[in-house]
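*Asks:* Let chain H serve as the given structure and place chain A on it in line with the hints.
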Amino acid sequence: MIIAISSQGPGLESQVDPRFGRAAGFVVVDTDSGKHSYSDNEQNLQLAQGAGIQAAQNVAKTGATAVITGHVGPKAYLALNKGNIQIFLGASGTVAESLEAYKNGTMQPATSPDKQGHW
Amino acid sequence: MRIVIASGKGGTGKTTVVANLATYLKLSGLNVSVADCDVEEPNLHLFLNPRLDIEKTTTVPVPKVDPERCTGDDCGLCAQLCRFKALILMAGEVMVFAELCHGCGLCTLACPEKAIIEDSRIIGVVRSGMVGCMPFTEGELRIGEAMSPPLIEAVKSASPKNEVELIDCPPGTSCPVIKSLDGADFSVLVTEPTPFGLHDLDLAVQTLRQLRIPFGVVINRDGMGNSCVHDYLEREGIALLGTIPHSLEAAQAYSRGQLHVGHVQGFEAHYARLWDNIRQQIGEIHS
Numbered sequence: 001m002i003i004a005i006s007s008q009g010p011g012l013e014s015q016v017d018p019r020f021g022r023a024a025g026f027v028v029v030d031t032d033s034g035k036h037s038y039s040d041n042e043q044n045l046q047l048a049q050g051a052g053i054q055a056a057q058n059v060a061k062t063g064a065t066a067v068i069t070g071h072v073g074p075k076a077y078l079a080l081n082k083g084n085i086q087i088f089l090g091a092s093g094t095v096a097e098s099l100e101a102y103k104n105g106t107m108q109p110a111t112s113p114d115k116q117g118h119w
Numbered sequence: 001m002r003i004v005i006a007s008g009k010g011g012t013g014k015t016t017v018v019a020n021l022a023t024y025l026k027l028s029g030l031n032v033s034v035a036d037c038d039v040e041e042p043n044l045h046l047f048l049n050p051r052l053d054i055e056k057t058t059t060v061p062v063p064k065v066d067p068e069r070c071t072g073d074d075c076g077l078c079a080q081l082c083r084f085k086a087l088i089l090m091a092g093e094v095m096v097f098a099e100l101c102h103g104c105g106l107c108t109l110a111c112p113e114k115a116i117i118e119d120s121r122i123i124g125v126v127r128s129g130m131v132g133c134m135p136f137t138e139g140e141l142r143i144g145e146a147m148s149p150p151l152i153e154a155v156k157s158a159s160p161k162n163e164v165e166l167i168d169c170p171p172g173t174s175c176p177v178i179k180s181l182d183g184a185d186f187s188v189l190v191t192e193p194t195p196f197g198l199h200d201l202d203l204a205v206q207t208l209r210q211l212r213i214p215f216g217v218v219i220n221r222d223g224m225g226n227s228c229v230h231d232y233l234e235r236e237g238i239a240l241l242g243t244i245p246h247s248l249e250a251a252q253a254y255s256r257g258q259l260h261v262g263h264v265q266g267f268e269a270h271y272a273r274l275w276d277n278i279r280q281q282i283g284e285i286h287s
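So the protein sequences, as listed, match chains H and A. Sequential numbering of the first sequence, starting at 1, is according to our numbering. Sequential numbering of the second sequence, starting at 1, is according to our numbering.
For reference, chain A alone in the conformation it holds in the complex:
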């Protein structure tokens, strides 16, 4: 079962929920793995302290044109066909703008002179390891790199498909999020009970509905802000999977890089309830 923890809004507590829920499930004897798909700013490792054994460089393919075989101005088919406008014909030669290339391979296939071969460029790394007996996978995008989806795909491929796979999703609703959500059996949206939280939660809800991924919401820092999120969930008929209370002690633990589970009294119960409700929702979907 692949559960993706997303939010829309940054800083709502996705990583907190993933780290604590994973720890709770591990303690309950479940076979769980975690993957941090926020490859621009991976920080799940700060809370889980994995032993990272393997680091692999991830590349994406880019076209390389052989000027001897290329017929230049007589052709230009590759530049014409490229859907990402990464190639142009200039001064009788093909110019490749590698950072625009999405690695689809069409130019390589289409070239009538077989003048294009596949070269590669580095976009980041994938790291794998363990938190005790729980598999942990993360990715880190090269600084200055714009193309994260292929690296997110690599993180997901490297992550073992345990009984429960928890995925920490990046913030937002664009390509990296869509890529992280791909293949999810269920999504947990983490929000805060404020107008800011609500605004971005609604964007995430619309995204999940378009993707037709079943989901529920957990309200983090419940007790602060106002009731707008609670009201919204009722209006929209969206399942409230659980709440994590606004608590000075919890905030202090977090700021020390500590988990709630095992460090903040009474908090394990919140994650237990969250898991019960997630299981119930997934059960209802399958019946």
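Bound conformation, chain H alone:
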């Protein structure tokens, strides 16, 4: 499966970005092949509005069926839900560490957004 992790940098050793819509980028990992790539999110950082839903659209385009991040707002939550993309919140540490936490089953899929918009 393909998982997207909001990240402050392009590598597995980069720190997780706690934001979703305005994350610096997403490390996209193929858990079957072990390969990973980086999807830059810069075009959404300066948006006055809609950053969360644009990020959701871009994440869906990578083929990801799960997202690991810190928090999501209500619109991003709706968008990811529509795309049947599972959301794992509260990630911290490096991308590699949060991926481990996810694999160990210590993260539960979110059933609601955990932040207001523009937090």
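Be a bit skeptical, because a hint or two may be false.
To give a feel for the contact side, a few chain H residues facing chain A, derived at Cβ under 7 angstroms [what the hints assert, rightly or not]:
id, residue
1, Gln-43
2, Leu-47
3, Gln-49
4, Gly-50
5, Ile-53
6, Lys-75
7, Ala-79
8, Lys-82
9, Gly-83
10, Gln-86
11, Ala-101
Far from chain A by the CB rule (all over 10 angstroms, computed), these chain H residues [claimed, not checked]:
id, residue
12, Glu-13
13, Ser-33
14, Ser-92
In short, the hints are calculated from the structure, not lab data. Just so you know, even glycine gets a beta-carbon here, dropped at the ideal spot from N, CA and C.
*Replies:* Okay, now just chain A, sitting in the frame of chain H:
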């Protein structure tokens, strides 16, 4: 003549000036109308007690996508073109986030399948009526609604263009204020003579200069605070249109929802002087 009373800082006395100036002008026999463009917190009616006859719901257009006609993943043009990022393509369908939509209509025009029609959503109401023989218009934004400019536009459209049109502007310097100021022939900035007043007055001055709207300043509660605003106006070469003195009696009248004109001795003269100076400034602009 459209005169917009603005400030930058909230609570300086815009509504007080609009209510009293309108009343003074009406008593002087002028053909005047008032419009309250502070649609988030309209309170001009508290001082003028209009008889409100008409209430109209105001809507803004939002796109509605026909899933039968939409080609989904094969297209995505609407989501691509939307400047407000209100549309996305997700799971082969278009998702519309109505509260982000600014009603520009581009998606509806651009859709190659003609799959988008115009639906609408309610943003608030416009109320019209009279204060005696003076037309009064106000708007009230739906609670929780972020988009006020279209409602402000509706208030201005509903307000009759009398000889003098006084517009009560919301506080601040962002979209609602810009929308309220649009089309003004002149603006009166109300301030208080304190460092707080000065700070926000300067922001309002910069805004008006960018908009190239001629303006002058009236100092409310003159006598309290310090001279920083007076000094600023001199330095900047900005016309001081008048002052309304800091007065316990005036504050008491205000707190009872009463006008100064007709209730506080000597105050009508301040509004008379204000109007004379406004007319003089406007005259100077046209010569």
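*Asks:* Now tell me, hint by hint, if it's right for this structure.
*Replies:* To see whether the hints hold, each was checked on the structure:
| no. | hint | verdict |
| --- | --- | --- |
| 1 | Gln-43 | violated (10 angstroms) |
| 2 | Leu-47 | holds (6 angstroms) |
| 3 | Gln-49 | holds (5 angstroms) |
| 4 | Gly-50 | holds (3 angstroms) |
| 5 | Ile-53 | holds (5 angstroms) |
| 6 | Lys-75 | holds (6 angstroms) |
| 7 | Ala-79 | holds (6 angstroms) |
| 8 | Lys-82 | holds (5 angstroms) |
| 9 | Gly-83 | holds (5 angstroms) |
| 10 | Gln-86 | violated (14 angstroms) |
| 11 | Ala-101 | violated (27 angstroms) |
| 12 | Glu-13 | holds (31 angstroms) |
| 13 | Ser-33 | holds (24 angstroms) |
| 14 | Ser-92 | holds (28 angstroms) |
The structure shown violates the earlier hints numbered 1, 10 and 11.
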